[in-house]
Structure formats: structure tokens, C-alpha cells
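Peer 1: Below are the chains, spelled out letter by letter.
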Amino acid sequence: GGGAPEPAPAGSAGAGGGGNSGYTFAMVTHETPGDTFWDKIKAGAQQAATDTGSTLKYSNDPDPAKQSTLIQNAVDSKVDGIATTLATPDALKGAVQSAKAANIPVVAFNSGIDQYKDVGALMYFGSDETLAGQTAGQRIAAAGAKHPLCVIQAAGSVALEARCAGVKNGVAGTENLQVNGADDSSVVSSLQAKLSEDKSIDYVVTLGAPIALDAIKAIDQSSSSAKLITFDLNAEAAQDIKDGKIQFSIDQQPYVQGYLAITSLYLNKKNGNDIGGGKPTLTGPSFVDSSNIDVILPFTKNNTR
Amino acid sequence: MSQTVKTAPAGAPAEASNRVSLGLSNRLLARPEVGAAVAAIVILIFFLIMAPAFRSPASFFTVLYQASTIGIVAVGVGMLMIGGEFDLSAGVVPVSAGLVNAMFCYNLGVNLVVGAVLSLVFALLVGFLNGYLVMRTGIPSFLITLGTFFVLQGANLGVTKLVTGSVSTPNINQMDGYAFLHLVFASSFKLGPVTVWGTVIWWLLFVALSAYVLQRTRIGNWIYAVGGNAASARAVGVPVTRVKIGLFMATSFLGWFIGMHSLYNFNTLQAGNGVGNEFLYIIAAVVGGTLMTGGYGNAWGVAIGAFIFGMTSLCIVYAGWDPNWFKAFLGVMLLLAVLVNLYVKKLSTTRKVG
Amino acid sequence: MSQTVKTAPAGAPAEASNRVSLGLSNRLLARPEVGAAVAAIVILIFFLIMAPAFRSPASFFTVLYQASTIGIVAVGVGMLMIGGEFDLSAGVVPVSAGLVNAMFCYNLGVNLVVGAVLSLVFALLVGFLNGYLVMRTGIPSFLITLGTFFVLQGANLGVTKLVTGSVSTPNINQMDGYAFLHLVFASSFKLGPVTVWGTVIWWLLFVALSAYVLQRTRIGNWIYAVGGNAASARAVGVPVTRVKIGLFMATSFLGWFIGMHSLYNFNTLQAGNGVGNEFLYIIAAVVGGTLMTGGYGNAWGVAIGAFIFGMTSLCIVYAGWDPNWFKAFLGVMLLLAVLVNLYVKKLSTTRKVG
Amino acid sequence: MTDTLQEHADPELTEGESLIEMRDVGKTYGAIRALKGINLTVNAGEVSCVLGDNGAGKSTLIKIMAGLHPHNEGEMLVDGQPVHFGSPRESLSHGIATVYQDLAVVGLMEVWRNFFLGSEMTGSKFPLSGLKVKDMKRIADEELRKMGIVVKDIDQPIGELSGGQRQCVAIARAVYFGARVLILDEPTAALGVKQSGVVLKYTAAARDAGLGVVFITHNPHHAYLVGNHFIILKLGQAVLDKHRSEVGLDELTRQMAGGDELTELSHELQR
Amino acid sequence: MTDTLQEHADPELTEGESLIEMRDVGKTYGAIRALKGINLTVNAGEVSCVLGDNGAGKSTLIKIMAGLHPHNEGEMLVDGQPVHFGSPRESLSHGIATVYQDLAVVGLMEVWRNFFLGSEMTGSKFPLSGLKVKDMKRIADEELRKMGIVVKDIDQPIGELSGGQRQCVAIARAVYFGARVLILDEPTAALGVKQSGVVLKYTAAARDAGLGVVFITHNPHHAYLVGNHFIILKLGQAVLDKHRSEVGLDELTRQMAGGDELTELSHELQR
Ligand SMILES: Nc1ncnc2c1ncn2[C@@H]1O[C@H](COP(=O)(O)OP(=O)(O)OP(=O)(O)O)[C@@H](O)[C@H]1O
Ligand SMILES: Nc1ncnc2c1ncn2[C@@H]1O[C@H](COP(=O)(O)OP(=O)(O)OP(=O)(O)O)[C@@H](O)[C@H]1O
Ligand SMILES: [Mg+2]
Ligand SMILES: [Mg+2]
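Each protein sequence line maps, in turn, to chains A, B, C, D and E.
Residue numbering for the first sequence follows the numbering used here, beginning at 1 and increasing consecutively.
Residue numbering for the second sequence follows the numbering used here, beginning at 1001 and increasing consecutively.
Residue numbering for the third sequence follows the numbering used here, beginning at 2001 and increasing consecutively.
Residue numbering for the fourth sequence follows the numbering used here, beginning at 3001 and increasing consecutively.
Residue numbering for the fifth sequence follows the numbering used here, beginning at 4001 and increasing consecutively.
The reader is advised that the hints may include incorrect statements.
Claimed, not checked - List of simulated lysine-lysine pairs, BS3-like, C-alpha gap at most 25 Å: (1) A/K78 - B/K1190; (2) D/K3194 - E/K4242; (3) A/K269 - A/K279; (4) B/K1190 - A/K66; (5) B/K1161 - A/K168; (6) B/K1161 - A/K146; (7) D/K3234 - E/K4201; (8) E/K4036 - D/K3194; (9) A/K146 - A/K168; (10) D/K3036 - D/K3234; (11) A/K100 - A/K66; (12) A/K301 - A/K245; (13) A/K146 - A/K199; (14) A/K78 - A/K117; (15) E/K4036 - E/K4201; (16) A/K245 - A/K168; (17) E/K4234 - E/K4036; (18) A/K245 - C/K2346; (19) A/K199 - A/K217; (20) C/K2190 - A/K199; (21) A/K242 - A/K269; (22) E/K4201 - E/K4242; (23) A/K270 - A/K117; (24) A/K217 - A/K242; (25) A/K146 - A/K66; (26) D/K3036 - D/K3242; (27) C/K2346 - A/K217; (28) C/K2190 - A/K227; (29) A/K227 - A/K168; (30) A/K269 - A/K227; (31) A/K301 - A/K217; (32) C/K2346 - D/K3036; (33) B/K1190 - A/K100; (34) D/K3125 - D/K3137; (35) B/K1346 - E/K4036; (36) D/K3194 - E/K4234; (37) A/K66 - B/K1161.
Claimed, not checked - Just a sample of chain C residues kept apart from chain B, beta carbon distances all over 12 Å, derived: (38) L2048; (39) G2138; (40) A2328.
Honestly, the hints are just simulated from the structure, not real lab data.
Where a beta carbon is used, it is the ideal one built from N, C-alpha and C, also for glycine.
My request is simple: use the sequences and hints to build the entire structure.
Peer 2: Structure, rendered in C-alpha cells:
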């Protein structure tokens, strides 16, 4: 046995493409620290910064009020552009407006597809959470799902609620469950409890790759016959897709979101480009299942998918 | 021996007194907030060096704004802690209050001012309930308010889901009364390149009021007493129950205030928010020199604590440090602040006089 | 008066004694854990009625498993609280310990057992540091451990990112030593339809040990004393510093243990996990009758507290109640448990004898 | 030093009037019986001494009068009205001031704040009106000086004072605020000879100003110097209850200790 | 009752040997000076009485010997060796046991646990070896009975005892564990006549068993009954330091209070 050290991760592919453009871009998200998903957004953004020779300043806070202060913080720092998530567009509108007033271009990514223009962002890169959920819902409905369980790992999160609402659009019988995403043991126990309480659950929909791994354990231990799908990917989850433990993943390609957000700012500054021509640029939903997992699996190990 | 008593003119020492009179610098150093202030200055200078982006008035005022949103509730939490109690529900009360206001008015089409008053009543009720249960049952406030914290957190989500079908409130900025309330709770003005937020001014007002109450009024005396030794305070006639319930209500009031700010600043509220803020308030109070066990502390100290926390958390970003290490920096800064505070206090008690 | 002293045979009452001898039921009721036990039974019966899915042995053991993952660290946190201190870093220490083990072994290709020992040393060091700083600086443990909490939380993320390039550890289940460690920390066996987890058995062992130490050993005596009145304990010769540092280290040890469980049960760890668990431990201890201010409590009480919390949080799911209201139910149940506990305690002190 | 008492005494007191009356009062702490069947009257202008062994129930008795613990048997009348104090505040509002055995001070608070705690001097009735800090400091200092105590700094936290200094603060406070009844639980326990003398004079002065005084002590000499009325408790029950005219110092001492202790001891210990 | 002392006294003590010696010791609490230039010797088989007004520095003096606060001027020798105690544990390990003025008990813990706190009886040296609970309860009970105190339930939290009962527990504990030096800070303050007598006899017994005793009191009569040696403190400095042979009770009393207080008082208060 014994694991070999991995090759150096993200950033090793084509470094230093753009020389030194001198730009500083701020990225502000509503990340709760420690999620593999956000890690990929950061990896993409960092790669873009490296490629365009600019500097990236990343900051995050799940509380909209604090996220808004962080945007203000970027404005105070006189950055050359701001990329932000718009999970709570109304709450961030003021801060985005103040960036505009300071002539700092703002692009949105990951969330806020319907409101980004309204808020004042120039472009949008990402998928639509509700749409992604709905697509997933429709796909499992076609596979015969009657009573899926949608697992929310952070109570009250707008994005997660939107995904579950989307799934419910696809399959009317969808039920939600709240778990404590910061504690794997607790996630397993809660899921186990739910699966034994309601034997009619035929699909489990997890909203993050780490939770999917816990769900596999829970399904196993409660001898449930429910099938599992998940949002997002990581190396282990990709392996489980290959092994057939996870039916498929709805991937919104976070690496691309981060990469495009920063690149678009660069192009906008440098060249006045407007990617998407006034329309949102969709990075997903893209399905990862047994049909394409072999191609994708190596990339997940690089932390780029 | 009785002659000294009879002949001594009022105010003159009765005997060759070895009374100590402390020098100004010692008196100053002994004030509970001075340690925190020194710590704040040390960290301020540190970040002025480390974070060039912080060296503008605009940045400074952004920090002040951030500090004020923590600091306003921390004023109440600090007083409560001086009074010997905790309030873990202080983080979600603002959200609950905002939700009550927004949903009540939106769904019934009522003027927002009515909703604001209603939500104030609601918040005061929560505070009263916290205090009443703590005093009535004798269960530690940590547990009682943990209970209300969970209940409110659950209810915020449950009720919002029920009423709006989503986890956030609708946008209220088109409703009657919005302009007025926005002005009161969420206005800001430009001073050259600098945006000054109303909350900063409100914050200073609340701190000044709290400082006055604590130092200069009978109620302040009682607050220190119930926190320092509730049994003794009761024995000499301090109405312990009323004081503590009052403190819980004051905390809820300030929670309501900041809830109104969030609502009228952002026009919409997320039902899941606020969780975790209760600890920021406690941190601000403790960094500012408030004793966890009650009976000691000071309003300006708490304000400085909030400022230190706000400054540190934003300046790590201004300095552009690796966000993965954010919390680690924050932790080190906090420990630093507390150590400096302690060192200053030690200095004040070990310095000789004369 | 001295004659009574001189003639009294050892052990016989020196005078017409009005000594009280309490009946069995009063003695029983006065034990700190009985209130919690009654509360647990009340809630158990309640959920047996409300949640049909809970009525199977398998469900009961799932609850036990859940309780054990909280309960193991709560044993340490409870003892620490009896000793008058808090440990807010108890939630992230398990994750840190697991990360140290996983990354050290994976990146250097070392046998996992070596890493486990190393991470034990690391955890004990963190505990020692917590205790040492608290005793050395005199800063309240709430603040010191808040500092280490932040630092560890940041370091978990920062180091993991640095080492693995991602925020979770690689899968270690193919490495040397895995089988053995999995057996020790994360095994389970089937008993008919029921899965019994090793952690449950470990938990009971730790609780029994802790109960023995607290009630029957010199160290236990010292723990109660340093928590009840550190100044007095010091004055009669209790080595306050060593006792408190020892308690911090015991807490870290148990944190390490549960960290090993997570690692060898899930084979991979998220660097951001564990945050928030520190409060679950404190909740378990306090629901189990431990005094927040120190000096009073009991190991079985803490265990029952963990059980109540685990049961409540899972049974809400078993009962199929609206998940949006989850926290609200949890809050109500907690308050209920504490109230029953208090009621039983009151009963024990107001009942007349004879 | 009697000025303070004269100034603050309720002018409506008439000597001999019954201020507190206990009828068959009893008290249990859970399973532990501390008092049983106590009958006692505190009259204006008289000092009632309560004496007794350790654990006899003396402190429990006065805690009932002070409103700290409610009694659970019998009845208590204050100014002729049956009362059941829910808190010391109620007792204070009847003009009853108490020095507790454990002093009831808040260690972290300044000496002067402790002195006025619960009875602060303010500019007006308005709850947020300012404290008269200067006046309060001056008065606290004056009253302490009258007892022969000069604290080094009136702004010092009271927890830093010596045991006897703390006791003096508690006594001075009670004397200053007691308008009708003054209750002293072992006030001289931690005091030096000088201060003890002052306290005894205060007690006498309070009596002369018409207050009812309850005086608990272990020292029969002290008791006999000022007392009008002596009650000895034993295991929670009154075993002696006599007027000064009915009992001499010798009998009192004998009753308290079963013999003229000090003399006997000095024989025994003589070398 | 002297059995306890005889049994536990260090057999190597020789009368007159110097156990603790203080040379020019001083102590400040921050800006406040509590002691200055104290020279004092505690000899085996002698009782050194420390007397003085409230706030004179008596408790501070014995806290230095007990290791509770370190001194910051001068030097202290124990058994001839210069020491600077970092904690009371070190002092205890030299056979020095102390009764503090504020008693140093843990209110929530049972009486017997408090009695043995810091010096528990265990089966073996192994840190987790079981406590000898039965023995400890028996001994605690016996020792308290020897002082004439019967607590209602030895398993009661000590916080529920009366003030005097708590003081008896603290004294009995020190007597039981004191092997070379016994320090008593106002031990009779809260005690009745009977118990005070017992404590004085204990003090004499300790002296006779060869221990060095430091006895703090406000009562010159008590002091003169047992003392060999008298030190009077005033504002932190020693103003009198004499052997029993050099000073009479009258002079002692006069020195302490500036006059024969009690007699004077009784004249003044006589009605
Ligand atoms: N809070 C309490 N809980 C239980 N028992 C108590 C409590 N307070 C006092 N007691 C018991 O009641 C009895 C009387 O106590 P009290 O304090 O009234 O005695 P006392 O006469 O004041 O003694 P002393 O002279 O030692 O102060 C004692 O046996 C004591 O143990
Ligand atoms: N912890 C402390 N901090 C500051 N000052 C103190 C402290 N302890 C004692 N003092 C001061 O030191 C002086 C001596 O106090 P100490 O307790 O030694 O007096 P004492 O002689 O024991 O008096 P008493 O007879 O009243 O017990 C007093 O003026 C007191 O205010
Ligand atoms: Mg008493
Ligand atoms: Mg003293």
C-alpha cells in the first residue's frame, strides 16, 4: 500500500501565459470555508489570474451583509475589477452600485442569473441553480423516481434551497432533509434515520460531493434501495460514479466559472470585451455519468473538475 | 479613641493617613478600556504597515461600518455580560425581527412603520421571555437562550418558508414607509470620498448612553452588582430579577435595531442568517475587557472590542493574505489583542506610586 | 465541655445527635445524573409514541452511535467544565488530528499507525498549549481556546490546501496499517438486524472511567475543587495548574480519538469540518447537569446529555417532522430536558425525611 | 458618631413599641431543620441579643427577618401586620437594615459603591438620573472614619480590603440606612478591640435613638454590655428568653457555654 | 483531643529550634504597601501571637508563610534554608498548615472531601488508585466531634454549614495535617465560647507537641492564655515584639487598643 504523493495540482498547466498585466481583481463569494466546490472556483480563478498576469484577491463570507462589506472593501482597495457571486442579489445591489460608481467593472458568477443585470453586473458565468435542479429532477423522473430526498447541508442557504426547489419541479414527491454538513458522522446518522423512517424514498439527491460520500454509507447501512445522485464533483465522488455507486452528478463546472469570471474582467479591461453579449454564459448543468466519467476522472484528481 | 471621631472635621483625615493617591497615568491605566484601546492601536498600526489598501479614509470608514454592525448589539451583550448573563439568541433576534416586519407588512400590505413597531414589541417580548425564564427557573442563561436561539432559528426558517414559499423575504423597497425607515436605520452620507454610515453614529450614541448608564446611574450600579455577586446584591435590596430582565430586553432592543438596519439596507432578508453572530458579540465584549463571569467591564471597552474584531477581519482582506488562513490570522490577532490588554492591566497594578 | 470529647468512643455520636440520615429515594434523587436520566426517559417515551420508525432496535442503535460521536468528546469537555474551564477548540481538534495523520502518512508514504501516534502527540500538544496559556496568562479559557479554535480552523484549511492542493485529504484506505486502525477506531458488528458501533462501546468505557476518576480518585477530588473554588483549592495545596492542564489534555485526547474514528470510518476528511461541534459538547454537558461555572457535574450525567441530544436530533427525523422547523423542535426539546432535570433536583431537596 | 443614627432614625418610633414579632416561627432547608417554634419580639429602643452555639440557627433567624429566606412555619408581624418577605428589598422598605455574617458585599465594586448599593443617592427619581458620586464618596468616607477606619483609597474594590475593614463597611452601611430596625450578625467577629468598642457604642446609640436592634454574638460580655433582652438558641430552639433584669452576666455565660469558660481555661492552660 | 496532634507531629522537632525566620520582609499589592521590614522567628514548641488593628497586615504576613502570596522584599528561611514559596503546596510540603481567615473551603464539595482536600487518603501512590472514602469520612467525623461539632450529614456540601461550623472544619483540617508549623488566622472569630475554648486547647496542645504555632487574634485575653511571644503590627510595621516574660496582659491590651477598652466601655455604656 502507501499512497504516492500527487503531482502538483492546479496552476501547473500553462503558468505565466499573460506576462504581467498589472491588474488586480477581487473575487468575493458567499463560500462557507472548506468546501471542495469553492476550492475549484478558486483554482480556476487563480489559473486565470496567472494566465493573464494579474493578481487575485479572494475573500468570502456566507452572511450577505458581510459579503456586501467585502465588496465595499474591494472598492476601497481600488481593484481593477470585481467578480462576485450573487446568491442574495438584493442585499448586494448597493455594494455593486458603489463599485460601479467608482468605475470598477463587476461581473457575476455562480448565482444570480436572473438578477445580475438588474444589480449592475456586466456579465454572468454559471448555471441556474433552479434550472440545474429541475434538469436533475426531470432526469430521475424519467428513470422512475417517485419520492426523492433532497439533502440540505446548510440550513437556510438560498442556493441549496433553489436546487431542491428545482428537483421538486421535476419530481413532485421530493422531500427535503436538513443535516449538519460540518460533521460526517452526523450526516450519516441523520440520513440513516430518514431512510429507515420512510422506506419509500427511491432517490437521494445530495447537493455537494462530500455529502454524497456520506450518503453512500447511509444507504448501505440502512439497507435502503435508494439510488444516489449528487451535485458537484470531487475525486472520490468521481470514482464512485465510475463504480456505479452514484448514478450521476450535475456538474456546473466551478473551475470554468472561476476561470471565466477573471478572464472576462481581464478582457473587459484590456479589450472592452463583453462575453455573452449581454446574455448569461452558462457553464452547466453538465451531467457526469458512466458515459463520460472515464474522460473526466483524471481531471478531478487535478482539482480542476 | 472616640475623640478623633468627634473632633474630626468632615473630609479631613482622622489620623496620620497612609492613604494612597494614584497618579494620573496610573488612574488612566487602571480603566478597563485602556488595555483594549492600546491593543486596538497596536493592531491598527500593524495593519497600516501591512495593508496599503487600508491607508485611505474610505477604508477606515468601511471598517467602522463593519464594527458598528457588530458593535451595536455588542453594547447590549456587553452590559448583559457585566450583569452576569449570556444571550445566545442575540444573533438570530435581528433576523427574526426583520422577518416579522417584512412578512407582516408585505403579506397584509400594511405600512412598514407599523411592522417595525410590531417587530420591536416582538423583540422585547423575546428578551423578556429570556430574562423571565432565566430568573424564574434558575437555569443558566446559556441554556435558556440556547433554547430560544434554536427555536427562533427554526421558526425563522419554518415561518418564512410557510409564508413566502422561499427562504428569503420579498423586496420591500416599494412599500409605504420605506423611505422613512431607510433614512432612520440605513442612511449614509458622503464626506468627500468617504461614505459615513448612519449606523456608525447610532453605534457611538448607544455606546455613550451605555457608558453613562453603567458609570453614572443607579441602574448601572445595580448591573455591576448583580453580575459581581447576585446573592449579595439581592441581600442589600437590589431588584436582581428586574435588572436582569431589563438587560435581556435591552439586548433584544439593540438586536431589533440592527435587524431593522439589515432589512432597510438590503431590502430583503435571508431566514437562515444571523447564526454565529452571537459569538461575535461575545468576542467583542470579552476582547474589550468584559469579564465572562460578570461584574466587570465597560461600554467603551466593548466598543473597542467590536472595532478590533471588525478591523482585523477586514484588514486581513485589505492586506491580501491567503484567505485559506483567514481564521488563523484572526485567531492570532485576537490572542494578541487580549494579551496586550492584559499586559496593560498588569502594568497599571504593579507600578509603584510616588 | 471537654469531657464529651475525652470520653466519646470513636465513631459514636458525642451528644444527642440531630443528624439526618436520608432515605434511599432521597439519596438517589440527589445524584446529579438522575434528573437528566428522568428527562431522557420522558423524551424517549415521547418519541416512542410520536415516531413509529424509532421503535426498532436498529434505530435505537443508530441513536446510540450518534450519541457516542458527540458523547466521547463530551466526556472530556464535561470534566473540563467541572474543572471550571471551556474548550472551544474541541470541535476542530478531531479534524486537525485526522488531517495530520492522513496527510503525514500519505505524503511520506509512512505506515498509518505512525501517523496516528504523531497526531496523538499533536493533539496532546494542543491541549497542553491551551491549558498552559490559560494558566500562565490568566486569560479566560473561553478566549484562549477561541484563539486556538480560529488558528486550528485556519491551519486545517491552509495546510491541507498547501499539502494536497485541495481542501480534503486523499483516500487512505489502501495504505499500510489501515486495517488495524479501522478495527480499533471504526469497527462495527451486526447483532441480528442491529449494527453495533465500536464507538458506542468506547464511549461507555470512557464514561465509566471518567465517572470512576471523578468520584473515586484523588484527581477527581481535585477536579471538583479547582472548578468549585480555584483559590481555595490552591490554598490547601491542590496543584491547580497541573490539574487544569491535564483536563485540557484529556479533552484533546478524546478529540483525537473521535478524529481517528472519522478518518478511519470515512477514509477521507474535509478540512473545514468540525466547526460548531464544540457547542454540541458543551450542550451535552450542561443538559447532563454540569454547572457552567464549574465544580458540579457528573460523568454519567454528561453521557445522558449526549444521549438526549443525539436522540432528539435523530428522532425529529424519525418522526418525519417538517425539516424547516428542525431547530425549533430541538430547542423546545432541550428546554424540556433541562426543565425536567431541574424539577427532579428540586424534588430531591424539598422532600422531607422521616 | 451618634449623629448618623439620630439623623436617620424614623422620628415616629416610640420606645417599647413592637417592631417585629415572631410567633411560633420555624424553618427547614430541604430535609434539614434549622429553626422551630421561635417566639420573639423586637421592641423599639431595645437591644435583643441572640446567643447560641455554632449551628444553633441564629443566622437563619435573622435571615428570616431580613427577607433573605422566607420562613415556612408560624407567622411574622412587622409593625403589627403579618408579612412574608419575598426579598430583602421588602424588608429594607420597612426600615430594617442588616449586617450579614458573610457581609454581602460585591468584591469587584468600589468601597463607596458597595456602601450605597441598593440605596444610591441620585439627582431625581428618574431612573437614568445621574448618581451624586461626590456626595456618596464623601459620606462613605466620613462614616468609615467615624468607625476609626481609613481605607487607603475609597475607589479600591472592596475585595482588596482586609476582613475587618470589609466588616466595618457593612456595619457602617447598615447603621447609615437602618431607620427602624438594625440587625447585626456577629458584627465584631473580625474586629479589633478598638473597632469592637465602636460597634458596641453604635449599638447603644441605635437603641437610644429608638431603633430596635437585634444583636448576634458569641461574646457574652459584649452582649451584656448593650443587651436588654437575651435569647439563647440551641439546635434551632429557644432555651432561654429573659429580660436583662432577670439574668446576670454570670448566668448568661454559664448558659452559653456550660461554665465560666475563660477562667476555667486559664487555670487549665496556666504554666 | 491532643492525640491527633501528638500522632501527626513531626517526631524530629526539638523545642526552641527555629522553624520559620523572616528577615526584613516586606510586601506590596501593586501600589498598596501592606508590610514593611518584618523580622520574626517561629520557634518549635512556641506560640507566636500576631496582634493588631484591622488592616494592619496580619493576614498578609501569614499568607507569605503559607505560600499564598510571595513576599517582594527581604528573605524568609524555613528550617534554615532561604525559600520563596511559589504555591501553598510547597509550604504544606514543609509541614506548614494554615487556617485562612476566609477559610479556603470549596462550597459545593462535601464536608469530608473538603477536610481531606489536597491531602487525600488513597490506596497507593498510583494516581488513579481509589480513595479510601470510608476511612476519610470516619476520620473527618471524628476530628469534628473532638471539636464539639456534629454536622448533620458529613456528605452535606460545606457551603450549607453555618459560619462557625465551617471554621471548625478548617481548623480541624489544619490540626490534622500540620506536622511542623500551624498557622491560625483569627480561628475563633466565628466560634462560640465552647468551641473557642477547644481551639485554645488545641493551640496549647500543638505547642506542647513541639509544633511552632502562629496565632492571629483580636482578643488579647485569648492571646495571653496561650502565647509565648507577642508581635503587634500597625500599618504594616511591627510596633511591639516581646516575649511573654517581658509583657503583661494589661500592657498587651493597652498596646492593642490604647486603653483598657472593655472596662472603659462598660462605664460609658452603664445605665
Ligand atoms: N442553605 C442551607 N442549606 C442547608 N442547611 C443550612 C443552610 N444554611 C444553614 N443550614 C444549616 O442550618 C443550621 C443553622 O445554621 P445557622 O447559620 O443559622 O447557624 P448559626 O447559629 O448562625 O451558627 P454560627 O454561629 O456558626 O454562625 C446549621 O446546621 C446549618 O448547617
Ligand atoms: N489582594 C489585595 N490587594 C490590594 N490590597 C490588599 C490585598 N489584600 C490586602 N490588602 C491591603 O493590605 C492591608 C493589610 O491587609 P490584611 O488582610 O493583611 O490585614 P489584617 O491585619 O489581616 O486585617 P484584619 O484584622 O481586618 O483581617 C489592608 O490595607 C488591605 O486593604
Ligand atoms: Mg451564623
Ligand atoms: Mg486578616
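Peer 1: For each hint, tell me whether it holds in the structure or not.
Peer 2: Evaluated hints:
1. A/K78 - B/K1190: holds, 17 Å
2. D/K3194 - E/K4242: holds, 21 Å
3. A/K269 - A/K279: Holds: A/K269 and A/K279 sit about 19 Å apart, inside 25 Å.
4. B/K1190 - A/K66: holds, 21 Å
5. B/K1161 - A/K168: holds, 15 Å
6. B/K1161 - A/K146: Measuring from Cα to Cα gives roughly 23 Å; hence the hint holds.
7. D/K3234 - E/K4201: Status holds; Cα separation ~23 Å.
8. E/K4036 - D/K3194: holds, 23 Å
9. A/K146 - A/K168: holds, 11 Å
10. D/K3036 - D/K3234: Holds, at roughly 10 Å.
11. A/K100 - A/K66: Measuring from Cα to Cα gives roughly 19 Å; hence the hint holds.
12. A/K301 - A/K245: With Cα atoms ~18 Å apart, A/K301 and A/K245 stay inside 25 Å; holds.
13. A/K146 - A/K199: OK: A/K146 and A/K199 at ~12 Å, within 25 Å.
14. A/K78 - A/K117: At roughly 22 Å apart (the allowed maximum being 25 Å), A/K117 and A/K78 satisfy the hint.
15. E/K4036 - E/K4201: violated, 32 Å
16. A/K245 - A/K168: Between A/K245 and A/K168 the Cα gap is close to 23 Å, so the pair holds against 25 Å.
17. E/K4234 - E/K4036: Roughly 10 Å between the alpha carbons, so the hint for E/K4234 and E/K4036 holds.
18. A/K245 - C/K2346: Violated, because 54 Å separates the two Cα atoms, which is more than 25 Å.
19. A/K199 - A/K217: Within the cut-off at roughly 16 Å; holds.
20. C/K2190 - A/K199: holds, 21 Å
21. A/K242 - A/K269: Roughly 42 Å separates the two Cα atoms, so the pair is violated.
22. E/K4201 - E/K4242: Answer holds: E/K4201 to E/K4242 is near 23 Å, not above 25 Å.
23. A/K270 - A/K117: Roughly 22 Å between the alpha carbons, so the hint for A/K270 and A/K117 holds.
24. A/K217 - A/K242: holds, 17 Å
25. A/K146 - A/K66: Distance ~40 Å between A/K146 and A/K66 Cα, so the pair is violated.
26. D/K3036 - D/K3242: holds, 18 Å
27. C/K2346 - A/K217: violated, 45 Å
28. C/K2190 - A/K227: Between C/K2190 and A/K227 the Cα gap is close to 24 Å, so the pair holds against 25 Å.
29. A/K227 - A/K168: holds, 17 Å
30. A/K269 - A/K227: violated, 47 Å
31. A/K301 - A/K217: Answer holds: A/K301 to A/K217 is near 22 Å, not above 25 Å.
32. C/K2346 - D/K3036: Holds, at roughly 23 Å.
33. B/K1190 - A/K100: At roughly 16 Å apart (the allowed maximum being 25 Å), A/K100 and B/K1190 satisfy the hint.
34. D/K3125 - D/K3137: With a Cα-Cα distance of about 20 Å, the restraint between D/K3125 and D/K3137 holds, given a limit of 25 Å.
35. B/K1346 - E/K4036: holds, 23 Å
36. D/K3194 - E/K4234: Cα-Cα ~13 Å, so holds.
37. A/K66 - B/K1161: Holds: A/K66 and B/K1161 sit about 24 Å apart, inside 25 Å.
38. L2048: Answer for C/L2048: holds, closest chain B Cβ roughly 23 Å.
39. G2138: At roughly 7 Å from the nearest Cβ of chain B, C/G2138 sits no farther out than 12 Å, so the non-interface label is violated.
40. A2328: Violated: least Cβ distance 3 Å, not greater than 12 Å.
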